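Peer 1: Sequence:
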Amino acid sequence: MLNLKGITVYPPSGSQERPLLDQIALRYQPGHFGAIVGPSGCGKSTLLKTIAGLLEPSEGKIYWRGRDLDEDEDFHPSELGYVPQFSIFHQRLTVREAVINATVLRTRGKDRSTSAREWADAVLDRVGLLEIADRRTEVLSGGQQRRLGLALELVTRPALLLCDEVTSGLDPKSENEIVNLMASLTQDEERVVLSVTHSLRHLHLYNTITVLMEGHVVFHGPSDHLLPFFQVEAPEDVFPALSEHPLEFWMERYGLYRPYEESEMDAELPVTSETGSAQEESHIIEGVMEAPSLLTQVTTLTRRRFSLFFRDFGQLGLQIALIL
Numbered sequence: 013m014l015n016l017k018g019i020t021v022y023p024p025s026g027s028q029e030r031p032l033l034d035q036i037a038l039r040y041q042p043g044h045f046g047a048i049v050g051p052s053g054c055g056k057s058t059l060l061k062t063i064a065g066l067l068e069p070s071e072g073k074i075y076w077r078g079r080d081l082d083e084d085e086d087f088h089p090s091e092l093g094y095v096p097q098f099s100i101f102h103q104r105l106t107v108r109e110a111v112i113n114a115t116v117l118r119t120r121g122k123d124r125s126t127s128a129r130e131w132a133d134a135v136l137d138r139v140g141l142l143e144i145a146d147r148r149t150e151v152l153s154g155g156q157q158r159r160l161g162l163a164l165e166l167v168t169r170p171a172l173l174l175c176d177e178v179t180s181g182l183d184p185k186s187e188n189e190i191v192n193l194m195a196s197l198t199q200d201e202e203r204v205v206l207s208v209t210h211s212l213r214h215l216h217l218y219n220t221i222t223v224l225m226e227g228h229v230v231f232h233g234p235s236d237h238l239l240p241f242f243q244v245e246a247p248e249d250v251f252p253a254l255s256e257h258p259l260e261f262w263m264e265r266y267g268l269y270r271p272y273e274e275s276e277m278d279a280e281l282p283v284t285s286e287t288g289s290a291q292e293e294s295h296i297i298e299g300v301m302e303a304p305s306l307l308t309q310v311t312t313l314t315r316r317r318f319s320l321f322f323r324d325f326g327q328l329g330l331q332i333a334l335i336l
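Here the working numbering is used: the first residue of the sequence shown is 13, the next is one more, and so on.
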């Protein structure tokens, strides 16, 4: 379970001006698909980066599977996957090559029990890209690029997958396919998937919706509670309703709703201590995928660099011209 308690994040300048996030308290159970929504600048991406460890909270604690990520063991690299909004793969590689490289750079062969190619093909099949595995990534559509972004993270079988605006700019059909794919990923090994999004078109697929406003949580609960909470009839009316009242109004309203929401979630949670059971901790240690050796990583990066160099005919021609 992912548990955030009193998370506060101030701007990088260190000034004590209005925090980017203020006293965020959230929890997500295993096998959970959660949406994080809100107007621009409300702190959605900041929250995701704080969970991932890219930003350090000024106050508060983050617990993952019972352990304090600040004082106890941090995320193991294979436990966490982070999919950014924009593509991070090399465009001159094929789809399969991109995933094979990620596999070799991030996992040991003994953890996979299969070759890097077989592992990569299994991941590509899971995200629906196996049929175009030999296609150059530079010709992929927007939806295919987002699937590849997910594939690059899935090679380590992360138990927590953070997706930052991965449906942004997609056509409705592609958006629908990606959201359904992310929802299905929660069923793989009881994974927690959190998606920052501007779209509320797929409410029925999310277990919970988290609405942020000016760095505060003003709603966090089951997706079927969202419209009644904001007293609207359609998802597209939520943001207009949010702008009709100041932050204080929604915080007070959420304060009245929250005890009811927590009582429902508590009924579904297993009984564990805040620090987690020894059995759970043992499962975590056994389940992670170890990183490869430094030699393997350097060799893979060097091989990839040469492949990219010889496929860039303009750069190759320039180097030959300089030599001549």
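It should be emphasised that the hints constitute simulated quantities derived from the structure, not laboratory data. Please note that the accuracy of each hint is not assured.
[What the hints assert, rightly or not] Cut-off 30 Å, straight-line C-alpha distance, at most; resulting in silico cross-link-like pairs (BS3-like, lysine-lysine): (1) Lys61 - Lys185; (2) Lys73 - Lys17; (3) Lys73 - Lys61; (4) Lys17 - Lys61.
This one's a predicted model, so the numbers in the text were calculated from it and none came from an experiment.
Peer 1: Compare the structure with each hint and give your call.
Peer 2: Verification of the supplied hints:
1. Lys61 - Lys185: holds, 28 Å
2. Lys73 - Lys17: Measuring from Cα to Cα gives roughly 5 Å; hence the hint holds.
3. Lys73 - Lys61: holds, 14 Å
4. Lys17 - Lys61: Status holds; Cα separation ~16 Å.
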